[in-house]
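Chain by chain, the residues:
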Amino acid sequence: MAKAILVDTSKCIGCRGCQVACKQWHGLQAESTRFEGTYENPPDLSARTWRKVRFIETVGEDGRLRWRFISDACKHCTDASCLAVCPTGALFRRPWGAVDLDQELCNGCRYCVAACPFGVVTFNEETGRVDKCLMCPDRVEAGLAPSCVTTCPTGALSFGDRDQLLSQAKKRVAELQAKGEKGAQLYGERELSGLHQIFVLQERPQVYGQPEQPQFAVASVFPSSVTSVLASVVMGVAALVAFRERGGKGEE
Amino acid sequence: MSLTRRDFLKGAGTGAALGGAVGVELGSAEAYVTELKTKGAKEVPSICYYCAVGCGIKASVADGKVVAIQGDPEHPINRGTLCSKAQAYIQVLQHPNRLTKALYRAPGAAEWQEKPLDWAMEQIAQRIKATRDATFVEKEGDVPVNRTEAIATLGSAIIANEEAYLLAKLGRGLGIVPMEHQARI
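Protein sequence lines, in the order shown, are assigned to chains A and B. Numbered according to the numbering used here, the first sequence terminates at residue 252, and the numbering increases by one at each position without gaps. Numbered according to the numbering used here, the second sequence terminates at residue 185, and the numbering increases by one at each position without gaps.
Just chain A, same shape as in the assembly (with noise of 0.2 Å):
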């Protein structure tokens, strides 16, 4: 059965229990920091820093301020990019769905970073390795829920079979919207045929810094394998022409 942590953003008080309770955890080094003008640090998803809530300024339809948080991490999708793309392996999927990583096989070629349609993977330049988040495989599979998820005070974030988060999720949304929250959606359903972090927004996933339509990294690898079979296939031809060609001059 596919496990998946399911988001609320509109649960979210942005206490950040989660992306500590995941340092602790994990053991994750604290990183330099520096004042943005947010509260929000540190600045980005890191090799050290598993997950981190994300805080947005945005301006709503009737001129009002809002302050969403986002507790953004690795999304675990189903057509995962920096698995298809691992040359050995040291990216692999647990049977319940996440996408984890052996630190033993990696050898630093970063292909996954440049991949990952949601820039999560990070290379980490002391040990020469890529780290992400693993969600907690130590946890889940003690039949715990991953560290961030048990530390939530607001219930933002929940762990469970997908299937079921998701039917959670959709009822959410329609409770939003039934308030008034127009922007209220889901986001991972059917993005990457499916993440296995899925969230509740109340705004476009563009506002809390998530890509509207993510794309599969190596989509783009069949039409661009036919057109230089083709180019290669002219520029046969076109040789073949050429010195028949010069072919025809020298017997005269």
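None of these hints come from the bench; they were simulated from the model. For clarity, every value in this text was computed on a predicted model and none was experimentally measured. C-beta atoms are modelled at their ideal positions from N, C-alpha and C, and glycine is treated no differently. Heads up, some of the hints might be wrong.
Claimed, not checked - Partial chain A-side listing against chain B, Cβ under 8 Å, derived:
no., residue
1, C15
2, R16
3, G17
4, Q19
5, A21
6, Q24
7, W25
8, A142
9, T150
10, T151
11, C152
12, P153
Got chain A sorted already, so can you dock chain B onto it with the hints?
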């Protein structure tokens, strides 16, 4: 081709033997299973005293060392959840930047010196006494006030209820008027 259970096991056995002979490590697949770091650890319940909510925390202790601090799922207030401050609690115990010795910087000096804790306590006690004696006001006009205006206390959100009581009692005993708390700064 029909394959009996016996044939399959035979084949699997040969395969494993061959794999072993050519140096294929069959145990490597197990490396994917990561062990829970709190496995076998003793769970010690406690209370977070960062703020007035007083969430229940559960410290996992293995070999005399705290390996993880999580919310206590049996605590009626937080039911297993914790905020970012409490989640960082383990750093109070184990952060490398934590001071473990008393430091003293003499008036006018630029350098800090390491001092024994007993010496530091003695100094604090003597200086409080000297300041209080020098500035003590018994009466304002005809009204007895018995106070000193030269000392203030600052309570901390990281001290327990009983310690806060003692701090207040000490302050009142000395005649301190401004008694403030960190949370109001």
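Hints, one by one, checked against the model:
1. About 5 Å separates the beta-carbon of C15 of chain A from the nearest beta-carbon of chain B, less than 8 Å, and the hint is met.
2. Restraint check, R16 of chain A versus chain B: the minimum CB separation of about 4 Å is within 8 Å; hint holds.
3. With 8 Å as the threshold, the beta carbon of G17 of chain A comes within range of chain B, its nearest partner Cβ sitting at about 5 Å, so the hint holds.
4. For Q19 of chain A, the interface hint holds, the least distance from its beta-carbon to any beta-carbon of chain B being 7 Å, beneath 8 Å.
5. For A21 of chain A, the suggested interface contact is upheld, since its CB lies about 5 Å from the closest CB of chain B, less than 8 Å.
6. Against a cut-off of 8 Å between C-beta atoms, the interface hint on Q24 of chain A holds, since the closest Cβ of chain B lies about 6 Å away.
7. Look at W25 of chain A: its Cβ gets to within about 7 Å of chain B, closer than 8 Å, so that hint holds up.
8. Proximity of A142 of chain A to chain B holds as hinted, the smallest CB-CB distance being about 5 Å (cut-off 8 Å).
9. Interface restraint check: T150 of chain A against chain B, minimum CB-CB distance 6 Å, threshold 8 Å, status holds.
10. Given hint, T151 of chain A at the interface with chain B, holds; its Cβ is 5 Å from that chain's nearest Cβ, closer than 8 Å.
11. With a cut of 8 Å, the hint placing C152 of chain A at the interface with chain B holds, because the nearest CB-to-CB distance is about 6 Å.
12. Because the beta carbon of P153 of chain A sits about 4 Å from the nearest beta carbon in chain B, less than 8 Å, this interface hint is met.
Comparing the model with each numbered hint stated earlier shows that all of them hold.
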